[in-house]
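Protein chains in written order, with our numbering: chain W, 1 to 432; chain R, 1 to 432; chain F, 1 to 432.
One thing to keep in mind: the hints can contain errors.
If you want the footprint, here are the derived chain R segments under chain W, 3+ residues with CB under 8 angstroms [what the hints assert, rightly or not]:
#1 10–21
#2 236–245
#3 248–256
#4 271–281
#5 324–335
These aren't lab readings, by the way, just hints derived from the structure by calculation. As the structure is a prediction and not an experimental result, all values here were calculated from the model. Quick reminder that beta carbons are idealized off the backbone N, C-alpha and C, glycines included.
Read off the chains here:
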Amino acid sequence: MDIQVIINTIWVLVTAKLVFFMNLGFAMVESGFTRTKNTTNILSKNFIVFAIASLAYLFLGWGLMFGDGNGFIGLKGLFLLQGPDNSPLTGNDYRGVYSALSWVKVPLYAKFFFQLAFCGTAATIVSGAVAERIKYLSFIIFSFLMCMFIYPVVGHWVWGGGWLAKIGMLDFAGSTVVHSVGGWAALAGILLLGPRFGKYENGKTNIIPGHSLPLATIGTFVLWFGWFGFNPGSTMTADPVAISHIVVTTNTAAATSIISSTITSYILLGKPDLGMTLNGCLAGLVAITAPCAFVTVGASIFIGIIAGILVVLSVLFFDKIKIDDPVGALSVHLINGIFGTISVGLFAKDKIAGISTGNGLFYGGGVKLLKIQLLGVVSVGIFVFTLSLIFWYFIKKTIGIRVSLREEIEGLDIGEHGNIAYPEFYIKKTYF
Amino acid sequence: MDIQVIINTIWVLVTAKLVFFMNLGFAMVESGFTRTKNTTNILSKNFIVFAIASLAYLFLGWGLMFGDGNGFIGLKGLFLLQGPDNSPLTGNDYRGVYSALSWVKVPLYAKFFFQLAFCGTAATIVSGAVAERIKYLSFIIFSFLMCMFIYPVVGHWVWGGGWLAKIGMLDFAGSTVVHSVGGWAALAGILLLGPRFGKYENGKTNIIPGHSLPLATIGTFVLWFGWFGFNPGSTMTADPVAISHIVVTTNTAAATSIISSTITSYILLGKPDLGMTLNGCLAGLVAITAPCAFVTVGASIFIGIIAGILVVLSVLFFDKIKIDDPVGALSVHLINGIFGTISVGLFAKDKIAGISTGNGLFYGGGVKLLKIQLLGVVSVGIFVFTLSLIFWYFIKKTIGIRVSLREEIEGLDIGEHGNIAYPEFYIKKTYF
Amino acid sequence: MDIQVIINTIWVLVTAKLVFFMNLGFAMVESGFTRTKNTTNILSKNFIVFAIASLAYLFLGWGLMFGDGNGFIGLKGLFLLQGPDNSPLTGNDYRGVYSALSWVKVPLYAKFFFQLAFCGTAATIVSGAVAERIKYLSFIIFSFLMCMFIYPVVGHWVWGGGWLAKIGMLDFAGSTVVHSVGGWAALAGILLLGPRFGKYENGKTNIIPGHSLPLATIGTFVLWFGWFGFNPGSTMTADPVAISHIVVTTNTAAATSIISSTITSYILLGKPDLGMTLNGCLAGLVAITAPCAFVTVGASIFIGIIAGILVVLSVLFFDKIKIDDPVGALSVHLINGIFGTISVGLFAKDKIAGISTGNGLFYGGGVKLLKIQLLGVVSVGIFVFTLSLIFWYFIKKTIGIRVSLREEIEGLDIGEHGNIAYPEFYIKKTYF
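Just need the whole structure built from these sequences, with the hints factored in.
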């Protein structure tokens, strides 16, 4: 066996496992930032969602994303990875219908598992944004549709040899493909769901604090850890220079974003808010996801700083326009997914980790790449938001998407699951 | 140094670390599914058990399991890995007394650490089943005996070149060797211990809810993550096709088992119970552990579905016959360990990931393999259950195995450790 | 690309990620061992500290530590890794200013990230020792200075080709460089801060129990897991024999230390205290950190046993002399960092995992190595303790280091952050 195949496979599988582990991170961040009465529900959603993603992506999603087809969608080898494929052979030796990944020197199932872990991430982002009021079954159905259709189609455009790939859009590890897709789908859900009971009353915004900062902190550390799989793993090849570079840009953006979000929250809110520090970390990680392989470590400093400021402003902004996102998922994944994608057009430098980018605006490449990135952001946004609205609307009109007011006040744990998360602890009652 | 040795060693050590990490998973699942008054005790047991396993397996267990000997037991190089061994040399170049693993191209200590992590898993399974009433010291002594004698002997039969290996029993990563061994030892303990005070009263079964679903969820995610070391690591060789295949069958069985256990609990209990979803995940993982390298991804779908149904029915069944297993360890590890081992006889397909199996019943191999698997299940069951009963009985007659009723009602944390787990929180009192 | 470079890079990055993950471990141990009213504060400190370390080490720390210079300090390529460097070329092919690591066959950024993860660990050790009374900003400033100056200078002495390296001091993975440096800095902070309100009253020591043993247990398991990156990763080379050996000595010392600390606490305190078991694990890991590659597995058994006894005695001792260390950081990191470093002088055996040591006292090498190790311990101690005192004093005289008594009693979460960690739970009030 070719030694490079062996090494690549270890690298791809180990990093995929770290990305899988991010499911724990999301589960903890989202349950930590919400209330005890809905904890069982959130844990249930975040636990089952990777199972849902696994099946949806195995049955059809992978084929739509990486099957040979047209610029819009995969058309060959759609179901259950049953198309011909002789991976790990590559280049001229490759015979199969998943050509977009024919450059990757690993067996087919390693490619699949890595991509599945990414698909699962997109779905889990939605969970937090629609938390504390969505029906369990409705979330499951939407997640299934998202992993089977929405995510794979966008993935095909950018990573599956589709039209955005062809015009040169650069999204190394998925600020757009994963994070903004999750964000747009969440936004559509929030708009159809409406805010939680009691969140906006008489023109003022009530703060609904999350029930456990230790859980939120565990979650954010696990996500930061997982991102060291997410970004450098997206090489799908054990290229020492590239993966070392990506690890450092990724960590540096997280670090500066943590500092800038903490300072921003200090200035705007009067205290260094831990929730903002944690979301600041995630914001920096989301933002650096697209450019991690295309920018210098110096640039990653600035990308992180901006991401940390953006996330705090964005949280305040969404509350102002009464978009109720309990965990800040839109500010982290949508806003910084967009910013990260655009930042490639600004900060990209040629061959910084071996990849040609043609340079972004700040490195003398003019606005060419920036325009492509913007086109990608906008077209993905329109597609995902519209299709998500349709799916959510369809679910709303059939089985409904929101639990009853009585159930919402009592907590979804009782209504949806019949179990509470902390049966032995005395919990304070609030009217909402 | 041979490059394959380097790569294999990385693979074996990295996956062993993931298996080690499963100790955190078990500690969280088991403490989450039990009560606050026993949390310190459960954490203490699950923490110390890997230390106990480390010493028992180092001193003697490894030698009994992998030392050259007869079909029943290892007899050479018994103590402290002190037998001659020139690993990583293999095949005809190998000179040593641990021949059963002479095909593995890694240094001796890498073999040892990987196998130790598995031994520790078998011991930690027992902890949850006997929780909330066993004496701390008695559990420690049993774990020590189990890791030094019981587990290594069975391991010798199947993986150490013993009689079950010779007749062709297939247990790739240990549905029998690890999980059912843990399950049988736990069953023996439960029978001698009896149910917890208040569990079965006046002909009805009281539900004793676990105190923290977040901890249980953390634990299950960590175990799922760890299983990506457990199953593909059991190749002990960085074989790209095999490890990629195993990762996907492992994940797919977990996914379908999560769905089927959730649906089954929905139907039988009226709500999608998170505890059942979590145990469903573990059930699927246990079941796919033996067959992961021998079956197609399609077969793993069915193995998972069955595992998820089995675990729910089994939990209800054990309560009906008044076998009090606080965390569902028997349903997960014993029942699905047996099912997974049998499923090899049904679903095995020749050379699916490069290994000859002779095909199971559903792939035209007839009942030959199935009969061998059943013989393995039964003989391991008789041996482990009997020897465990003897060990438990011996401990019961000397230092006792059960705490006093007063201590049980008050909580083992005070009686055994003098510390409570959550000293600042108000905890609800219940009479049992 | 040289295949060894690829493999080494994977090894270095994967182990570095595990070391990074230890930040979660420290955050959980330290918050678990302290009170609910300070939980947000501790989580905030332990979260932001890796961001602080990332920037301080990137800007200057790395250069001071590994830049070519004199025996005391690095002088070239100080800022932002901007010195010339053609890694992964090594030996005679190396051209650059970071010669001390020119033997490591990985790209520069892989070296940097690995070393950064270690720097972050030293800083996070301080957090627990000064918990529950230090100002958030003051801790941040000290951490920044520590990661930028104190840690890198000591690192230069031992690992950067400085004077202790030249005289032959052996500290494989940092019992001194990381752990005792963290410990000395913490001790200086504690002395200037004074004990927590209510800890020592009328000649007696009040026990202030930590608020969550599950969090402390999660943390310790994560640290144990992370140490499988910390120690074997310090090879910075995928040497199969060495890394396998180190994994086993590391785990064995942890195991025996767990047992010995549990027995010691049983004897001295009357019960097997879980806190002591957890700190016993960490003590064994800290102690084996320096000698892990230089001693036999048999020696690691004894090193662990001693570490476990030492940590319990040390905790009792520090309370006796009214040094208030809420989480036992001094006993774990300082005392066992010192013991571990000295143990090299006692137990080192030549070429046990391929490295020449000249043998320690118990293996016929006389007191030569022991004296060098002691000199290292003492000189590092004097330097770090003095410089830390100066830095702490400077901070105390400018912005202050301790919160007001009122804020301390109310909890730092409100005063420093405006958020409490568990807003929905009823928490018991105590007067201190």
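Evaluation of the provided hints:
1. Restraint check on the segment 10–21 of chain R versus chain W: 4 residues with Cβ-Cβ distances below 8 angstroms, three needed, restraint holds.
2. Coverage of a stretch by a chain is defined here by at least three residues with a beta carbon nearer than 8 angstroms to that chain's beta carbons; for the segment 236–245 of chain R and chain W the count is 7, and the condition holds.
3. Restraint check on the segment 248–256 of chain R versus chain W: 6 residues with Cβ-Cβ distances below 8 angstroms, three needed, restraint holds.
4. Figure legend: the segment 271–281 of chain R, annotated as covered by chain W; annotation consistent (8 residues with Cβ-Cβ distances under 8 angstroms, at least 3 required).
5. Look at the segment 324–335 of chain R against chain W: 0 of its residues bring a Cβ nearer than 8 angstroms to a Cβ of that chain, fewer than three, so the hint is violated.
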